[in-house]
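J.: Chains A and B, in that order, give the protein sequences. Per the working numbering, the first sequence runs over residues 704 to 832. Per the working numbering, the second sequence runs over residues 32 to 194.
Quick caveat, the hints were computed from the structure, so don't treat them as lab data. No experiment lies behind these values; they were computed from the predicted model shown. Do not take every clue at face value.
[Unchecked claim] In silico DSSO-like pairs for lysine-lysine, Cα to Cα no more than 30 Å straight-line:
no.: 1; chain 1: A; residue 1: Lys824; chain 2: B; residue 2: Lys138
no.: 2; chain 1: A; residue 1: Lys748; chain 2: B; residue 2: Lys191
no.: 3; chain 1: A; residue 1: Lys740; chain 2: B; residue 2: Lys75
no.: 4; chain 1: B; residue 1: Lys87; chain 2: A; residue 2: Lys829
no.: 5; chain 1: B; residue 1: Lys75; chain 2: A; residue 2: Lys748
no.: 6; chain 1: B; residue 1: Lys97; chain 2: B; residue 2: Lys70
no.: 7; chain 1: A; residue 1: Lys829; chain 2: A; residue 2: Lys750
no.: 8; chain 1: A; residue 1: Lys720; chain 2: B; residue 2: Lys87
no.: 9; chain 1: B; residue 1: Lys138; chain 2: A; residue 2: Lys717
no.: 10; chain 1: A; residue 1: Lys740; chain 2: B; residue 2: Lys169
no.: 11; chain 1: A; residue 1: Lys829; chain 2: B; residue 2: Lys183
no.: 12; chain 1: B; residue 1: Lys75; chain 2: A; residue 2: Lys705
no.: 13; chain 1: B; residue 1: Lys183; chain 2: B; residue 2: Lys117
no.: 14; chain 1: B; residue 1: Lys75; chain 2: A; residue 2: Lys750
no.: 15; chain 1: B; residue 1: Lys87; chain 2: A; residue 2: Lys750
no.: 16; chain 1: B; residue 1: Lys145; chain 2: A; residue 2: Lys824
no.: 17; chain 1: A; residue 1: Lys750; chain 2: B; residue 2: Lys191
no.: 18; chain 1: A; residue 1: Lys717; chain 2: B; residue 2: Lys194
no.: 19; chain 1: B; residue 1: Lys183; chain 2: A; residue 2: Lys824
no.: 20; chain 1: B; residue 1: Lys117; chain 2: A; residue 2: Lys750
no.: 21; chain 1: B; residue 1: Lys183; chain 2: B; residue 2: Lys169
no.: 22; chain 1: B; residue 1: Lys145; chain 2: B; residue 2: Lys87
no.: 23; chain 1: B; residue 1: Lys97; chain 2: B; residue 2: Lys194
no.: 24; chain 1: A; residue 1: Lys750; chain 2: B; residue 2: Lys59
no.: 25; chain 1: A; residue 1: Lys748; chain 2: B; residue 2: Lys70
no.: 26; chain 1: B; residue 1: Lys183; chain 2: A; residue 2: Lys748
no.: 27; chain 1: A; residue 1: Lys750; chain 2: B; residue 2: Lys190
no.: 28; chain 1: B; residue 1: Lys59; chain 2: B; residue 2: Lys75
no.: 29; chain 1: B; residue 1: Lys117; chain 2: B; residue 2: Lys169
no.: 30; chain 1: A; residue 1: Lys740; chain 2: A; residue 2: Lys829
no.: 31; chain 1: A; residue 1: Lys748; chain 2: B; residue 2: Lys87
no.: 32; chain 1: A; residue 1: Lys748; chain 2: B; residue 2: Lys117
no.: 33; chain 1: B; residue 1: Lys191; chain 2: B; residue 2: Lys169
no.: 34; chain 1: A; residue 1: Lys740; chain 2: B; residue 2: Lys87
no.: 35; chain 1: A; residue 1: Lys705; chain 2: A; residue 2: Lys829
no.: 36; chain 1: A; residue 1: Lys824; chain 2: B; residue 2: Lys97
no.: 37; chain 1: A; residue 1: Lys750; chain 2: B; residue 2: Lys194
no.: 38; chain 1: A; residue 1: Lys748; chain 2: B; residue 2: Lys169
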Amino acid sequence: MKRVIVMGHGGYAKGVKDNLEMIVGAPQHMYFIDLTKEDSLEDLKDKVNHLLLEFNEDEVLFACDLLGASPFRVAAELCANHPGQYYTVAGLNTMAFLELSFNEDDLSIEALANRAVESAKTAVAKFPE
Amino acid sequence: MGKTYVRVDDRLIHGQTIVAWCPTLSIKEIIAIDDESAKNPVLKSIMTMGVPPTYKTHIVTTEEAKALLAQESNVNRLVIVRLPSKLEMLTEEIERAERIILGNIAKRDDTNHKINGATGIFYLSDADVSTIDALVSKGAEVCFQQLPATAKMSWESFKKSIK
Numbered sequence: 704m705k706r707v708i709v710m711g712h713g714g715y716a717k718g719v720k721d722n723l724e725m726i727v728g729a730p731q732h733m734y735f736i737d738l739t740k741e742d743s744l745e746d747l748k749d750k751v752n753h754l755l756l757e758f759n760e761d762e763v764l765f766a767c768d769l770l771g772a773s774p775f776r777v778a779a780e781l782c783a784n785h786p787g788q789y790y791t792v793a794g795l796n797t798m799a800f801l802e803l804s805f806n807e808d809d810l811s812i813e814a815l816a817n818r819a820v821e822s823a824k825t826a827v828a829k830f831p832e
Numbered sequence: 032m033g034k035t036y037v038r039v040d041d042r043l044i045h046g047q048t049i050v051a052w053c054p055t056l057s058i059k060e061i062i063a064i065d066d067e068s069a070k071n072p073v074l075k076s077i078m079t080m081g082v083p084p085t086y087k088t089h090i091v092t093t094e095e096a097k098a099l100l101a102q103e104s105n106v107n108r109l110v111i112v113r114l115p116s117k118l119e120m121l122t123e124e125i126e127r128a129e130r131i132i133l134g135n136i137a138k139r140d141d142t143n144h145k146i147n148g149a150t151g152i153f154y155l156s157d158a159d160v161s162t163i164d165a166l167v168s169k170g171a172e173v174c175f176q177q178l179p180a181t182a183k184m185s186w187e188s189f190k191k192s193i194k
């Protein structure tokens, strides 16, 4: 089973969760972790590691709010230690999250990460063109 | 000649530093000091992924930082350390720094001071306080400030508050 962990600063993850719930309902394979103002990086790492313990050897995609920021770094470090099993993407939007909310087991975790990044890019638009 | 600013931040290089502090202080070069990260190429590359290429970025050991800081620079530099204790090893190099800005210093086992006068998370131990006192007595300007736009508290007013 593939899991998706959404991580970000100050209510980002909760916001994505509420957003998805309203549009498609709560996805069972998606998890939401926020870095609060009071949290140290160690607190964030503890929250993530606690969750990962439940997943055994499952593949995980981390979706973080901001490239290079603390949640991203925590996720990227885990990916470096679990090559092929964990991937991290950053800066996704609702379109990409909606796609991730449909659990597709025929895609590899890497393909899922690639598609999320591409979907986020193509979902950005302006009007009038 | 460029100015040198010092940031104490347990997250080392992260969003607030790049988005807020670097533009405010007109920083062109970042010297982040962390012996563990400096020796680990993976950690190094993760940490620099979010830094725009317009900044010259070094993630170095204390020794390498000393060598870098010994050279004069034409641009403004930001020296970042994780914890106040590291400042002691760099006394000579940072004595003439423009300002030492304390931010994101999370609670540790020995931190008995929680600073409330500014917006942000600042915990210091007695040893941290004496390290910073020593720098202040040599003329360093030290303050608590999370972000350029949030309330700032001077070292002097913190000292008054604990008396």
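J.: Please go over all the hints and tell whether each is borne out by the structure.
T.: Hint check results:
| no. | hint | result |
| --- | --- | --- |
| 1 | A:Lys824 to B:Lys138 | violated (39 Å) |
| 2 | A:Lys748 to B:Lys191 | violated (36 Å) |
| 3 | A:Lys740 to B:Lys75 | holds (25 Å) |
| 4 | B:Lys87 to A:Lys829 | violated (34 Å) |
| 5 | B:Lys75 to A:Lys748 | holds (18 Å) |
| 6 | B:Lys97 to B:Lys70 | holds (16 Å) |
| 7 | A:Lys829 to A:Lys750 | violated (37 Å) |
| 8 | A:Lys720 to B:Lys87 | violated (37 Å) |
| 9 | B:Lys138 to A:Lys717 | holds (25 Å) |
| 10 | A:Lys740 to B:Lys169 | violated (33 Å) |
| 11 | A:Lys829 to B:Lys183 | violated (39 Å) |
| 12 | B:Lys75 to A:Lys705 | holds (28 Å) |
| 13 | B:Lys183 to B:Lys117 | holds (22 Å) |
| 14 | B:Lys75 to A:Lys750 | holds (23 Å) |
| 15 | B:Lys87 to A:Lys750 | violated (33 Å) |
| 16 | B:Lys145 to A:Lys824 | violated (43 Å) |
| 17 | A:Lys750 to B:Lys191 | violated (37 Å) |
| 18 | A:Lys717 to B:Lys194 | violated (42 Å) |
| 19 | B:Lys183 to A:Lys824 | violated (39 Å) |
| 20 | B:Lys117 to A:Lys750 | holds (28 Å) |
| 21 | B:Lys183 to B:Lys169 | holds (21 Å) |
| 22 | B:Lys145 to B:Lys87 | violated (34 Å) |
| 23 | B:Lys97 to B:Lys194 | violated (35 Å) |
| 24 | A:Lys750 to B:Lys59 | violated (35 Å) |
| 25 | A:Lys748 to B:Lys70 | holds (21 Å) |
| 26 | B:Lys183 to A:Lys748 | holds (29 Å) |
| 27 | A:Lys750 to B:Lys190 | violated (35 Å) |
| 28 | B:Lys59 to B:Lys75 | holds (19 Å) |
| 29 | B:Lys117 to B:Lys169 | holds (17 Å) |
| 30 | A:Lys740 to A:Lys829 | violated (33 Å) |
| 31 | A:Lys748 to B:Lys87 | holds (29 Å) |
| 32 | A:Lys748 to B:Lys117 | holds (23 Å) |
| 33 | B:Lys191 to B:Lys169 | holds (19 Å) |
| 34 | A:Lys740 to B:Lys87 | holds (29 Å) |
| 35 | A:Lys705 to A:Lys829 | violated (33 Å) |
| 36 | A:Lys824 to B:Lys97 | violated (43 Å) |
| 37 | A:Lys750 to B:Lys194 | violated (38 Å) |
| 38 | A:Lys748 to B:Lys169 | violated (38 Å) |
Hints 1, 2, 4, 7, 8, 10, 11, 15, 16, 17, 18, 19, 22, 23, 24, 27, 30, 35, 36, 37, 38 from the earlier list are contradicted by this structure; the remaining hints agree with it.
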